[in-house]
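Assembling the complex is the task here: the two chains are given apart, and the hints tell you how they should meet.
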Amino acid sequence: MDATPAVRLDGVSKQYGDSYAVHRLDLDIEAGHFFSLLGPSGCGKTTTLRMIGGFSDPTDGSVLLGGDDVTALPPNKRNVNTVFQSYALFDHLSIADNVGFGLKRKGVAKAEIRQRVGEMLDLIQLAGLAGRKPATLSGGQRQRVALARALVNRPAVLLLDEPLAALDLKLRRQMQVELKQIQREVGITFVFVTHDQDEALTMSDRIAVMNEGRIEQCGTPEDIYEHPASRFVASFMGTSNLMTGTYRAGAVALEKGPALPVGPRSEIADGTAVSVSVRPEKIWLSDFEPGMQMMSGVIRETVYSGPITTYLIDLAPGVTLSVLEQNTARARMEDRWSGGETVEFGWRPEHCLVLA
Amino acid sequence: MTLLRAPSPAVPERTAAKARPRRGRAGRRPRVLIAITALFFALLYLPIAVVGLFSFNSQKSLTVFDGFSLRWYRAFAHDDLLLSSLGTSLRISLVAMAGSVLLGVALALGLVRCRTRLGSLAGLIMLVPLITPEIVTGVASMLLFKGLGVPLSTGTVMLAEITFSISYVTVILRSRVAALNPEVEEAAMDLGATRWQAVRLVTLPALLPAVLASAVLIFALVFDDFVLAYFTTGVDPQPLSVRIYSAIRFGVQPTINAVGTLMLAGSIALIALALFIPRLFGRRGGLDLLSGK
Chain A
1 MDATPAVRLD GVSKQYGDSY AVHRLDLDIE AGHFFSLLGP SGCGKTTTLR
51 MIGGFSDPTD GSVLLGGDDV TALPPNKRNV NTVFQSYALF DHLSIADNVG
101 FGLKRKGVAK AEIRQRVGEM LDLIQLAGLA GRKPATLSGG QRQRVALARA
151 LVNRPAVLLL DEPLAALDLK LRRQMQVELK QIQREVGITF VFVTHDQDEA
201 LTMSDRIAVM NEGRIEQCGT PEDIYEHPAS RFVASFMGTS NLMTGTYRAG
251 AVALEKGPAL PVGPRSEIAD GTAVSVSVRP EKIWLSDFEP GMQMMSGVIR
301 ETVYSGPITT YLIDLAPGVT LSVLEQNTAR ARMEDRWSGG ETVEFGWRPE
351 HCLVLA
Chain B
1 MTLLRAPSPA VPERTAAKAR PRRGRAGRRP RVLIAITALF FALLYLPIAV
51 VGLFSFNSQK SLTVFDGFSL RWYRAFAHDD LLLSSLGTSL RISLVAMAGS
101 VLLGVALALG LVRCRTRLGS LAGLIMLVPL ITPEIVTGVA SMLLFKGLGV
151 PLSTGTVMLA EITFSISYVT VILRSRVAAL NPEVEEAAMD LGATRWQAVR
201 LVTLPALLPA VLASAVLIFA LVFDDFVLAY FTTGVDPQPL SVRIYSAIRF
251 GVQPTINAVG TLMLAGSIAL IALALFIPRL FGRRGGLDLL SGK
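Protein chains in written order, with our numbering: chain A, 1 to 356; chain B, 1 to 293.
In short, the hints are calculated from the structure, not lab data.
There is no bait here: all hints are sound.
Lysine to aspartate or glutamate pairs mimicking EDC-like chemistry, simulated, CA-CA at most 20 Å apart: (1) LYS77(A) <-> ASP57(A); (2) LYS133(A) <-> ASP91(A); (3) LYS110(A) <-> ASP97(A); (4) LYS106(A) <-> GLU186(B); (5) LYS106(A) <-> GLU119(A); (6) LYS133(A) <-> ASP97(A); (7) LYS133(A) <-> GLU185(B); (8) LYS180(A) <-> ASP168(A); (9) LYS106(A) <-> GLU185(B); (10) LYS146(B) <-> ASP236(B); (11) LYS104(A) <-> GLU185(B); (12) LYS133(A) <-> GLU183(B); (13) LYS77(A) <-> GLU183(B); (14) LYS77(A) <-> GLU185(B); (15) LYS170(A) <-> ASP196(A); (16) LYS282(A) <-> ASP314(A); (17) LYS104(A) <-> GLU186(B); (18) LYS60(B) <-> ASP79(B); (19) LYS180(A) <-> ASP122(A); (20) LYS146(B) <-> GLU134(B); (21) LYS104(A) <-> GLU119(A); (22) LYS180(A) <-> GLU30(A); (23) LYS256(A) <-> ASP270(A); (24) LYS77(A) <-> GLU186(B); (25) LYS133(A) <-> ASP122(A); (26) LYS282(A) <-> ASP223(A); (27) LYS282(A) <-> GLU301(A).
If the Cβ cut is set under 8 Å, some of the chain B residues that face chain A in the computed set are: (28) ALA187; (29) LEU191; (30) GLY192; (31) THR194; (32) VAL202.
Quick partial rundown of chain B residues pointing at chain A, CB under 10 Å, derived from the structure: (33) GLU183; (34) VAL184; (35) MET189.
From the three backbone atoms N, C-alpha and C, an ideal C-beta is built for every residue, glycine too.
Next comes chain B alone, as it looks inside the complex (with noise of 0.2 Å):
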């Protein structure tokens, strides 16, 4: 009893009495606010959920789930048109991505560097893709190509891709361009590097975090995309998005489900691997999706 007493009884209350509303206020979170959070995430991912589970359904049925099976896996499996349009898709992407990259990244650098008027206002006109809304975009590029006489096919796709890709890289490297320090490319310089010869050993190194962040996205962007693909594309080959649009207007096979699904899986593993590459490096910054900056 002795013991207990002795030290000072007003300081572990005073400490208490402090804590207590502290911890109080942090504790009483809001029901109603997690059910709403609860309500939003259901409404959001619960059409994708059904999507998912119905591509393990046994039998054809879209409303009733009979049990599991791989049945339409394998018949995506055994799709040939649906098969190449999945090529044709990876290819489109691949060549849309290595050219607004490459295209992004020089633009990138020229508006950082170009500190004129003109600079600027090429800054702001390259914002205009993003703000576009894509159908807009969809149809001027077919009316493009058909005014010029260019033939759709998998090529205008590509370069429609190309260009509406550019202002996703650049504003995504543009901040990282003028957060580089021109001291470093100056350095490689006064150490016998050529201008070219500083930006590539120097400059890019520095980037490529954000680069492959950037070049990453670009795919799934493309991958995805199915207004502008749909507008300038030629009837064979067909990219994935479209093919499933015509396959659904004559009747849902279930075999879309698989391959929603899998578009879905290899959607969210790139974007991770967009969000790691960053950490990869052992730097921040890059693409911070999560904090929005």
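Just chain A, with the same shape it has in the complex (with noise of 0.2 Å):
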């Protein structure tokens, strides 16, 4: 495996007046993987991104691509491409000149460009509109050309600004599928930057999640929902059960409600704040396991959608836990619980999660 990084932040920090767009970002990122910048917006995720691709100048700290130091480059003289957030096309172009832009500044010869356009047009099956102008374009279709226009460059790193943000949730579903079919073929590193939770964790080889400027956790897709290693990941990642109270000797004792038993933690002290992340779906309400943390509760409402139904079942006044379960065949509807019930149920204790 290549030891040297394709993407490597040293420290980097951007400054706005007196605060911080990115604090003190150190990253790496390793060559032909598919690696997403997740968080809210104002995180510092495009910030970084676009120090990346050289549109914005740190303030601190320096930016490695393969290695070599390009802090001080423009633009034009990294080896990345950028897919702008608005697509970016050249309006005045066609589709084939527009992907051609970068290979033409090059001083690509002319026949090679003609053919490496057509491979992409290809690629991205968009082989019959090389005539048209981007503006007769559907928005899908021009978000394959941006796509198309910076690969054809064959970039170390493509850089990709919510690239899916402006396509319905259909087609963002299929372009998804489609980026990450086209990253494997290319081989080329993605950074690709989202606020979308769902979108990282269907794409990505790793996540590195970002708030206030710095980044939280950095970990493949499964580290990062099943271990969040902060309470902000926890609740960015997904939905979750969050409770807060106060460690002591191996049970947390919850601001309103019963103590929870989550076994001993020598990294935390007695007394210490901490908050609980139980997630939904790893609450059973039937075919309990021995070892199991059994509660009971009262269920306030079932909330049915299709292939899964959500309880929200009150573990004490104003504590409320939600709970998915799958509609599979052996739960029969008639079997389901409605509101004012008494149930139990019960997490395995790896499955409570401890965050300070």
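As structure tokens, then:
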């Protein structure tokens, strides 16, 4: 495996006045990975991407591409290409000329440009539209042209700034799969900025979750979803039952409600204020196993939504847990619980996370 | 009868009742307003129409239309003084157009991109020539040239016209520049273009309709300009407008009618072109003189 990361950020900061958009970021992105920068708006993910692309100068630290320091280089001297959120197609040029723009700048021979543009248009399945102007294309088609225009240059790294944000949900799902396929096919490192955690989970090899200019956690999608390192990550990634309380001797005394046994945690001092998180799908309503942490509560509401049913269960007054259950064949509708019933539920101890 | 009565009569009756007052209100156009509008256009265009009509007069009279002839157009075609003035005016207009468009586009780009307090101040100062009475700018330009010891000539007219046309170009282009997506220029740089190449290959083509429209407008404005040209021109050669003014002082020749009619036709054609250019590029915007936007 190539030891040199495709992208390395070394203590990179971006400061506007007194506030940091990005604060002392250290990050390695492995070559060939689909890497996502995930976070809410204003977390610094786009600023980070722009600093890798060369559109924004870091106030501190350095940006390395393939081991070379490019911090001082302008965008046209960096071996990266960008897919912009607005696609930023050149309206006065045809689709073929849009895609061939970068190659023409590099002085590639005309015949080779024509051939590579043709291949790229085949890859994105727009070969028939080579002569059209961008204004005549649909949103999804424009998005693919923007992708082709960047990929045709065979950059070391492709930067994507929320490229799917403007598409409707169905097209978006389809493009997620397509993007991932294209990335595997071309083998180029993708750095993908998104605020959509589903998108990041389904597409990425690794995800960095950002908040307020810092990386909260960096890891595989499973790592980040199953083992969130902080309360922010747990709440940002999917839905989570987050309860606050105080840790004392292997249990967390909830602010409102009972004490939850969480097992001894040597890393947490007694009396520390902590959050407890249990994912809704990790809570079982039947077929319990030995060793499970069992609780009981009152069903407040039942929300049926096709493949799953969501139960809102009051563990104690003011402490409501959300529980997901698959509507599989064995769980017949007439067996379901309804509001007001007291039910038993439980989770495996390892699914109950204690977050500082 | 039964067939006719079959559909519920209540429905058509109600729609008719609803529709009638609306149609009535739209149909009752106030005659007074139509008359006022007609009078306005008559007063506005009657003098011009008279000039046009008498340019085709077969006699020298400016009051009695004797019969149709192209006599005065022929006279104009053989008047070397007027022809040389026409050439001078065309040269001044072309140079002023090129100069002010070049500088005006650069200024518009600079004003939009430079978001400092100094930039917005420059934006305000740029508007001043638009509201300054032209006689003031004319006299001021003349005094400046005299003070600097620059002899008045066609060159000084060109300089003055360029200076005071920049504002028009900038006003027209500034909103277009502001509406550009900054990511498009970044995309060009991302694909290997330098900053200047990005402007040349991507930004300027996007601005082209507005640039062409403002160029045509400046050409027409400068060609028709009298006041500024009068104060900044030398004795010979003189721009057409100044030449006409001097000619009228020694009695009105019907040739002037012919020249005036030709200038009017040319100006109308240019303005029409300026309005038509954005449509040529299949986009809205550019120079929207009609809606005043």
